[in-house]
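**Student:** Using the sequences and the accompanying hints, generate a full structural model.
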Amino acid sequence: MKPIEAENQVALGMGRCVRLAINGMSYRLFRSLVTISILALAVAFLVHMLAYGLISSGVESTARERLEVDRRPAELLARLNTADIRPMVIQELSQEDSERRTEYRTWLGDDGAFEGAVSTAEDLRVFEEWLDGLPAADRAALTGGQSGPALFEGLVQDEARARLIERLEALGLVLPLGGSAGVDALFAQQVPVFLGVVDRVIAGQWTAIAGLREVLGGGDAAGWFLAEGEDAALRSAVEGAGYGMGSMTVAEVRAFAARTRDLAWLDEALRDSGVRGAAARRLRVPAAEVTRAEVLSGIGGVGDAAWLAEALSASGLEGPAGGVGLSVERLAELAQLTTRSARLEAVSGDGTGEDGAAGGFMGLPVRTLWLVGLSFLVCVVGVANAMLMSVTERFTEIATIKCLGAMDRFVMLMFVFEAAIQGVVGGVIGVVLGLLLAGLRGLVDYGSLVGLAWGQAGLVVVASGLAFVVGLVLATVAAVGPSFVAARLAPMEAMRVE
Amino acid sequence: MTAETQTHRTSDIADRTSPDRPVIIRTLGVKKIYGEGDAATHALRGVDAEVYRGEFISVMGPSGSGKSTFFNMIGALDSPSAGRILIDEVDVAQLSASELAFLRCQKIGYIFQQYNLIRYMTALENVTVPMAFAGVSPEDARRRGMELLELVGLAERWSHRPIEMSGGQQQRVAIARSMCNLPMILLADEPTANLDFKTGQDILDILVRINAEKGVTIVCSTHDHRLLALCDRIMWVRDGEIERVASKDQIKIKLGKVGGDH
Chain R
1 MKPIEAENQV
11 ALGMGRCVRL
21 AINGMSYRLF
31 RSLVTISILA
41 LAVAFLVHML
51 AYGLISSGVE
61 STARERLEVD
71 RRPAELLARL
81 NTADIRPMVI
91 QELSQEDSER
101 RTEYRTWLGD
111 DGAFEGAVST
121 AEDLRVFEEW
131 LDGLPAADRA
141 ALTGGQSGPA
151 LFEGLVQDEA
161 RARLIERLEA
171 LGLVLPLGGS
181 AGVDALFAQQ
191 VPVFLGVVDR
201 VIAGQWTAIA
211 GLREVLGGGD
221 AAGWFLAEGE
231 DAALRSAVEG
241 AGYGMGSMTV
251 AEVRAFAART
261 RDLAWLDEAL
271 RDSGVRGAAA
281 RRLRVPAAEV
291 TRAEVLSGIG
301 GVGDAAWLAE
311 ALSASGLEGP
321 AGGVGLSVER
331 LAELAQLTTR
341 SARLEAVSGD
351 GTGEDGAAGG
361 FMGLPVRTLW
371 LVGLSFLVCV
381 VGVANAMLMS
391 VTERFTEIAT
401 IKCLGAMDRF
411 VMLMFVFEAA
421 IQGVVGGVIG
431 VVLGLLLAGL
441 RGLVDYGSLV
451 GLAWGQAGLV
461 VVASGLAFVV
471 GLVLATVAAV
481 GPSFVAARLA
491 PMEAMRVE
Chain L
1 MTAETQTHRT
11 SDIADRTSPD
21 RPVIIRTLGV
31 KKIYGEGDAA
41 THALRGVDAE
51 VYRGEFISVM
61 GPSGSGKSTF
71 FNMIGALDSP
81 SAGRILIDEV
91 DVAQLSASEL
101 AFLRCQKIGY
111 IFQQYNLIRY
121 MTALENVTVP
131 MAFAGVSPED
141 ARRRGMELLE
151 LVGLAERWSH
161 RPIEMSGGQQ
171 QRVAIARSMC
181 NLPMILLADE
191 PTANLDFKTG
201 QDILDILVRI
211 NAEKGVTIVC
221 STHDHRLLAL
231 CDRIMWVRDG
241 EIERVASKDQ
251 IKIKLGKVGG
261 DH
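Chains R and L supply the protein sequences, listed in that same order. Yeah, the first sequence ends on 498 if you go by the working numbering, and it's all consecutive. Yeah, the second sequence ends on 262 if you go by the working numbering, and it's all consecutive.
Check before you lean on any hint, since a few could be wrong.
[Claimed, not checked] Computed footprint of chain R on chain L; a stretch qualifies when at least three of its residues, placed anywhere within it, have a C-beta under 8 Å from a C-beta of chain R: (1) 102 to 108; (2) 164 to 177; (3) 194 to 206.
[What the hints assert, rightly or not] Estimated spans, in silico, between C-beta atoms of each pair: (4) Arg31/R to Phe197/L: 33 to 39 Å; (5) Met389/R to Gln201/L: 36 to 42 Å; (6) Arg409/R to Glu147/L: 29 to 35 Å; (7) Gly15/R to Lys248/L: 49 to 55 Å; (8) Asp249/L to Leu388/R: 36 to 42 Å; (9) Gln201/L to Arg19/R: 35 to 41 Å; (10) Lys248/L to Leu388/R: 38 to 44 Å; (11) Phe197/L to Arg409/R: 54 to 60 Å.
[To be verified] Derived, one-sided and incomplete: chain R residues facing chain L with beta-carbon distance under 8 Å: (12) Asn8; (13) Ile401; (14) Cys403; (15) Leu404; (16) Asp408; (17) Leu459.
Please keep in mind that the hints were generated in silico from the structure rather than gathered at the bench. From the three backbone atoms N, C-alpha and C, an ideal C-beta is built for every residue, glycine too.
**Tutor:** Next comes the structure, spelled out in structure tokens:
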């Protein structure tokens, strides 16, 4: 007869535990699938929130950058025709990274005065930012609703300044720039000098423009670029006058000028009754409602432009660059450029609203971060519940296998392994699903422009990895608690828990 | 777990009739109280009992008499509030968690009223679970599992899940499972309570056969009066105390004398 030897139970190796856990899961395939689905959904939700946030912020910021680049020739041409206005100069002087500071320094031709103006401009910015930080009611009471240069010019007056300082003291606010004395000094002494320097900068710019007109001929700046001539000579003339062209090429500016000219010509051409009638027939709208935007938006390719080219040449109008009308290719190009700008405009967002303000985490907007936080909570609760359920519904089983000689360690390992496996599978499915959803939503919202978010691909991968790890860790941790409790119960206690 | 041990065991069956039979399970003043204070329930009120090696003993008593609790105590499935439980003269309370697991796995087989088969496993897989815990290789476990299923007459149903089997068949799988590590003791908690008369009889026949052929000590808690005729001794439990213990012979005599007393 076997005597009872108080032997230790065989400790199962990790491999054996994993095999038994996988075995158990394959038996309970359906239940496992439910748990995996919950995990996958939670992870997918998280990935989708993060990835879509990254895609949309990527598309918006890239679109804004592209528009900015597109706007540069327009800006240059405008500034070659007319000098900058006062508020713009003040604004640019206060911006440390402004490219125009160098231009202004050249036009002023007085480095000492320029340094003083820059320092005053920065003080004014500090003061204005301080004002912006006040509650709206206080700000209105202090400034009478004025802001920027108008406010500063007003405060140069002794009376107005005294009134402001009085009110500030009445409100008991702590002033920037060394208190009321500093503010008083800023407006009494620095600002009048500063405004004088600003006017000298503007006068200097006008002088530069006059010089350019002498060299390049009178008339519109666009005309200088459209005229025959060497690019290098034109560039050196413009830069010699103190304008910075940066990375912009003369060809870019010329293309923009030509586009503006052609579009303006097209506007004219659409006033012609023949062209207008053709457009109205084509668009199936009354002739009075024909607009250039609508005409161009209907042109998707060279083939779509044929009718317009025909109508234009039939009208006999002289084309913008000589000849008759506009070529089919040019019309298609104009349409394409117009559509591109419109689409970029549409997706760029304003980028300034509070909701759109970029936060710290992955540069996502605050609103998106809130949603991500909430989806994380949903993820936590969902996963914890799924794991809790999958352990508690198996208390009898745990009691039974403990009767059959399972060690506490095995019971725990079984559940933790199971959770980890489910976490991995659910995580992978969730990441794929989340990325698909985010991509799909991006496509729906931005169409082909979703490609603008390509720069965010690295961050999307990081976010996916993060969500995957979160799902895995959550699943495992959520299983440890209940399985620890279950494993330590005496078999009969566990059986009674039902 | 070898053929040698089995032969050795079979030769020990003679012990059952010898006057100084070795005690395999001994309880000393075992008490079990559930709950606390006024709400406390005294399931066992100090039980002193002995189970001899190789015997087939029935524990009888009405519901709530404490026989399930007693069963759990001697199976080392629950710990007593007071008193000691000695299995083969080893105090269960002194065993470590690992040694307890070894005891439950290798030395004691359990059969439950509810069968407690793992519902997602086939009959064969259910039978091999304790062997996996005992470190038996999967191949050996399968081979041995089939032998045991043969023993309980379910060899051809090895691939069925519990849900596809009748109660009696499930209980037979449970018996096969309890026997897989060749335990010294088989604890059966109301094994026939959920079964009809005929099926219950089959189960009892298997238990008797195991007792006779393998020399396994069987403790069976039951309401089933058929066991009176089948087992070696009967222990009556009432209100958490042992009311009476009698051998089969004494019962027969008693029944003869008192008539329908029970």
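**Student:** The structure should be examined with respect to each hint, and the outcome stated for every one.
**Tutor:** To see whether the hints hold, each was checked on the structure:
1. With a threshold of 8 Å between beta carbons, the proposed coverage of the region 102 to 108 of chain L by chain R holds, since 6 of its residues qualify and at least three are required.
2. Closer than 8 Å: that is the beta-carbon criterion, and the region 164 to 177 of chain L has 1 residues meeting it against chain R, so the requirement of 3 is violated.
3. Under a criterion of three residues with beta carbons nearer than 8 Å to beta carbons of chain R, the stated coverage of the region 194 to 206 of chain L fails, only 0 such residues being counted.
4. In this structure the supplied range 33 to 39 Å holds for Arg31/R paired with Phe197/L, their Cβ-Cβ distance being about 36 Å.
5. The hinted window of 36 to 42 Å between Met389/R and Gln201/L holds, with their beta carbons roughly 41 Å apart.
6. For the pair Arg409/R and Glu147/L, the beta carbons lie near 30 Å from each other, so the given range of 29 to 35 Å is met.
7. For the pair Gly15/R and Lys248/L, the supplied restraint of 49 to 55 Å holds, since their beta-carbon distance comes to about 50 Å.
8. Against the hinted window of 36 to 42 Å, the Cβ-Cβ separation of Asp249/L and Leu388/R comes to about 56 Å, which falls outside the hint.
9. Look at Gln201/L against Arg19/R: about 40 Å separates their beta carbons, and that is inside 35 to 41 Å.
10. Checked against the hint of 38 to 44 Å, the pair Lys248/L and Leu388/R fails, with Cβ atoms roughly 51 Å apart.
11. A hinted range of 54 to 60 Å for the beta carbons of Phe197/L and Arg409/R is inconsistent with their spacing of about 44 Å.
12. Satisfaction of the interface hint for Asn8/R is found here, the shortest Cβ-Cβ separation to chain L being roughly 4 Å, below the 8 Å cut-off.
13. Because the smallest distance between the Cβ of Ile401/R and any Cβ of chain L comes to about 7 Å, under 8 Å, the interface hint for this residue holds.
14. Evaluation of the Cys403/R hint against chain L yields a held restraint, the C-beta minimum of about 5 Å falling below 8 Å.
15. Satisfaction of the interface hint for Leu404/R is found here, the shortest Cβ-Cβ separation to chain L being roughly 4 Å, below the 8 Å cut-off.
16. Against a cut-off of 8 Å between C-beta atoms, the interface hint on Asp408/R holds, since the closest Cβ of chain L lies about 6 Å away.
17. Here the hint on Leu459/R is broken, as its CB sits about 43 Å from the closest CB of chain L, past 8 Å.
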